[in-house]
Amino acid sequence: MKPRLPSPVTELRDELLTGVTVFLKRDDLIHPEFPGNKWRKLKGNIEAARECGAVVTFGGAYSHHIRAVAAAGARFGLRTTGFIRGEEHLPLNETLAYAVARGMELHYLDRTTYRAKNDPEFLAGLRARFGEFHLIPEGGSNALGVRGCTEIVAELDFAYDVVCCACGTGGTLAGIARALPADRQALGFSVLKGGGFLRDDVARLQRAAFGEATGNWSIELGYHFGGYAKQNNALTGFIREFEAKHGLTLDRVYEAKMMYGLYDLVRQGKFAPGTRIVAVIAG
Numbered sequence: 174m175k176p177r178l179p180s181p182v183t184e185l186r187d188e189l190l191t192g193v194t195v196f197l198k199r200d201d202l203i204h205p206e207f208p209g210n211k212w213r214k215l216k217g218n219i220e221a222a223r224e225c226g227a228v229v230t231f232g233g234a235y236s237h238h239i240r241a242v243a244a245a246g247a248r249f250g251l252r253t254t255g256f257i258r259g260e261e262h263l264p265l266n267e268t269l270a271y272a273v274a275r276g277m278e279l280h281y282l283d284r285t286t287y288r289a290k291n292d293p294e295f296l297a298g299l300r301a302r303f304g305e306f307h308l309i310p311e312g313g314s315n316a317l318g319v320r321g322c323t324e325i326v327a328e329l330d331f332a333y334d335v336v337c338c339a340c341g342t343g344g345t346l347a348g349i350a351r352a353l354p355a356d357r358q359a360l361g362f363s364v365l366k367g368g369g370f371l372r373d374d375v376a377r378l379q380r381a382a383f384g385e386a387t388g389n390w391s392i393e394l395g396y397h398f399g400g401y402a403k404q405n406n407a408l409t410g411f412i413r414e415f416e417a418k419h420g421l422t423l424d425r426v427y428e429a430k431m432m433y434g435l436y437d438l439v440r441q442g443k444f445a446p447g448t449r450i451v452a453v454i455a456g
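Residue numbers (the working numbering): 174 to 456.
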């Protein structure tokens, strides 16, 4: 199955979204194995990995990125190794079981060691142990991945003012913001508690990919619901009501938090009347 590009755009009609128009950019429909920003971030990295035939990457136990890299490895004949934050828990959850079934070799790192995952000495040790590999950072957010995310904007052929996305590592936001026309803005919603560091990360990713950081983006930090993969009754209820009303089950880790935040900002009147908003549903 080939990726479905450009991904569809649909208008979200909801009486709660008063004064604005919201469109859903359905990147979740690009491909069932690596939907949304996962395909956009991975395709350049897959090409780069062909020479050595192996990929090493990092993620949490519920990482969509880990799942997508495993699927890509199986599809394109790459050896994949995933380093997972935290201890092993058996039986494996659905995400990690899927990765193993697609041929990914899993290793577990305590949180202190995991924080050193980008240190040259640590990576040199991995190469001594596993041989040569192409490194894809957590979330796929490197220069190749960020450049891939600019294609989201290239596919928007209608009038809009703001593009929103969920933020875990900042790569999608970095790419979107770089590609926007001068009079438009990008808005990220952190899914991480204490996600203020993402502001530095987005700027760093833009400099790595494009040589400079842009000033046309911001990040909302108040809709993490306790942290990565955390939720509460308010978020659970929102997911259930959104599905009943619009027939779309929002991913609780990323897009549900973004959409909850977007609805709340609209309710508070944070957007000027008539604002046209694109929300990226990355799956």
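Worth double-checking, as some hints may not be accurate.
[What the hints assert, rightly or not] Pairs of lysine-lysine residues, derived as PhoX-like cross-links and limited to a Cα-Cα distance of at most 25 Å, are as follows:
| id | residue 1 | residue 2 |
| --- | --- | --- |
| 1 | K418 | K403 |
| 2 | K175 | K216 |
| 3 | K443 | K418 |
| 4 | K418 | K366 |
| 5 | K366 | K443 |
| 6 | K366 | K290 |
| 7 | K366 | K403 |
| 8 | K290 | K403 |
[Said to hold, decoys possible] Pair ranges (Cβ atoms, derived):
| id | residue 1 | residue 2 | range |
| --- | --- | --- | --- |
| 9 | A289 | Y436 | 18 to 28 Å |
| 10 | R288 | H262 | 34 to 44 Å |
| 11 | A407 | G369 | 17 to 27 Å |
| 12 | G447 | E260 | 46 to 56 Å |
| 13 | R377 | H280 | 18 to 28 Å |
| 14 | R223 | A381 | 30 to 40 Å |
| 15 | D373 | H262 | 42 to 52 Å |
| 16 | A332 | T191 | 35 to 45 Å |
| 17 | G384 | F331 | 49 to 59 Å |
| 18 | E416 | G304 | 40 to 50 Å |
| 19 | K366 | R177 | 45 to 55 Å |
| 20 | E416 | P205 | 39 to 49 Å |
Source of the hints: derived by calculation from the structure; they are not laboratory data.
All C-beta atoms in this analysis are idealised placements derived from N, C-alpha and C, irrespective of residue type, glycine included.
Hints breached by this structure: Hints 4, 9, 10, 14, 15, 16, 17, 19 and 20 contradicted; others consistent.
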